[in-house]
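Undergrad: Just so you know, the protein sequences line up as chains A and B, in that order. Mapping the first sequence onto this note's numbering, position 12 (from 1) lands on 12, and the numbers just tick up by one. Mapping the second sequence onto this note's numbering, position 10 (from 1) lands on 10, and the numbers just tick up by one.
If you are wondering where the hints come from, they were derived from the structure by calculation, not from laboratory data. Please note: incorrect hints may appear among the correct ones.
What the simulated footprint calls covered on chain A by chain B, stretch by stretch (three residues with Cβ under 8 angstroms from a Cβ of chain B suffice, anywhere in the stretch; the number is not a length) [stated by the list, open to error]:
1. 17-29
2. 34-46
Here's a subset of chain B near chain A, in silico, CB distances under 10 angstroms, partners left out [to be verified]:
3. Thr132
4. Asp133
5. Glu134
6. Tyr135
7. Leu136
8. His138
9. Arg139
10. Arg193
Just the calculated beta-carbon pair ranges, DEER-fashion [said to hold, decoys possible]:
11. A:Asn2 to B:Glu162: 42 to 52 angstroms
12. B:Thr132 to A:Met1: 20 to 30 angstroms
13. A:Ser15 to B:Ile121: 32 to 42 angstroms
14. B:Ile121 to A:Pro43: 26 to 36 angstroms
15. B:Ile44 to A:Glu11: 47 to 57 angstroms
16. A:Ser15 to B:Ala153: 38 to 48 angstroms
17. A:Glu11 to B:Arg193: 47 to 57 angstroms
18. B:Leu28 to A:Lys6: 42 to 52 angstroms
19. A:Ala10 to B:Ala31: 56 to 66 angstroms
20. B:Glu130 to A:Leu42: 13 to 23 angstroms
21. B:Ala153 to A:Gly53: 41 to 51 angstroms
22. A:Leu61 to B:Phe118: 45 to 55 angstroms
23. A:Glu24 to B:Gly155: 35 to 45 angstroms
24. B:Met93 to A:Met1: 46 to 56 angstroms
Model, not experiment: these values are computed from the prediction. Even glycine gets a Cβ: it sits at the ideal position worked out from N, Cα and C.
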Amino acid sequence: MNNRLKVLRAERNWSQQDLADRLEVSRQSVNAIETGRYDPSLPLAFRIADTFGLRIEEIFLRD
Amino acid sequence: MSTSSSSASRASRWGGLSVATGAAILGLKLADAIGPGTAYLLAIIPLVLLFLCYRASLDAANSGAGASRAAARYTIGIMASSLAYMLGLGVAMWVWRNLEPSTELTWLLAMLPIIPIFWMIFVMGRYVAEETDEYLRHRAIMASLVGLGFVLAIGSFWGFLETFELVPHVPGWWSVPIWALGMGVGQFWQSRRGA
Numbered sequence: 001m002n003n004r005l006k007v008l009r010a011e012r013n014w015s016q017q018d019l020a021d022r023l024e025v026s027r028q029s030v031n032a033i034e035t036g037r038y039d040p041s042l043p044l045a046f047r048i049a050d051t052f053g054l055r056i057e058e059i060f061l062r063d
Numbered sequence: 001m002s003t004s005s006s007s008a009s010r011a012s013r014w015g016g017l018s019v020a021t022g023a024a025i026l027g028l029k030l031a032d033a034i035g036p037g038t039a040y041l042l043a044i045i046p047l048v049l050l051f052l053c054y055r056a057s058l059d060a061a062n063s064g065a066g067a068s069r070a071a072a073r074y075t076i077g078i079m080a081s082s083l084a085y086m087l088g089l090g091v092a093m094w095v096w097r098n099l100e101p102s103t104e105l106t107w108l109l110a111m112l113p114i115i116p117i118f119w120m121i122f123v124m125g126r127y128v129a130e131e132t133d134e135y136l137r138h139r140a141i142m143a144s145l146v147g148l149g150f151v152l153a154i155g156s157f158w159g160f161l162e163t164f165e166l167v168p169h170v171p172g173w174w175s176v177p178i179w180a181l182g183m184g185v186g187q188f189w190q191s192r193r194g195a
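Chain A with its partners taken away, still in its complex shape:
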């Protein structure tokens, strides 16, 4: 699954750690999700969407 996390972070000038702190997860988690090596659960995907103020489908895209 592709995602726009890196772009969305860059737009807000957030580091991976900044996003991890907002999501209350490890930076490793953000990195793994961002690089597509780990697909988040639905609850975490909703938290990510809420953090960016977007809908899930505006962040995560089908391959």
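Given chain A, work out where chain B should sit, using these hints.
TA: Same frame as chain A, but now just chain B:
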């Protein structure tokens, strides 16, 4: 990598290495490949690794992240149970070999290493239950599965060689060090591939 997660990851690595080296030294000693003096000297290695594990665990715990607190609790639990295991096994083996205990006492002696192993397994299960970071939990489960794969593969491989009298008998308690080794390999493999 954040300070908390890298500390937790370092602590897990030190803890795994400590268990593996401790088990290897005990194995060498029990197989009479090394003498007691050498064994005590080599025992410094797992103890130093335990100390490093403890320091890294404290660093992780002090970071304040919930996920790292679970990891720190895990590494401290593993460290304590590993130490209890090594001490329990050492005491039990020494008493059994040198003091000719009664059958009743031998049952109790056998419990000395068994109880810490149960404690270790409980700590592993508790970590999976307590870890709030789903990705770290996923990694821990994957590492456990790699460890389980090691136990099943090596156990059945060696077991059949033993059945056909090609290799000497190996005690069943080796399953735990092999599992720990497999978990360490699993964590290392996931770190290498950046997962």
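Undergrad: For which of the previously enumerated hints does the structure constitute a violation, in increasing order of number?
TA: Violated: hint 17 alone.
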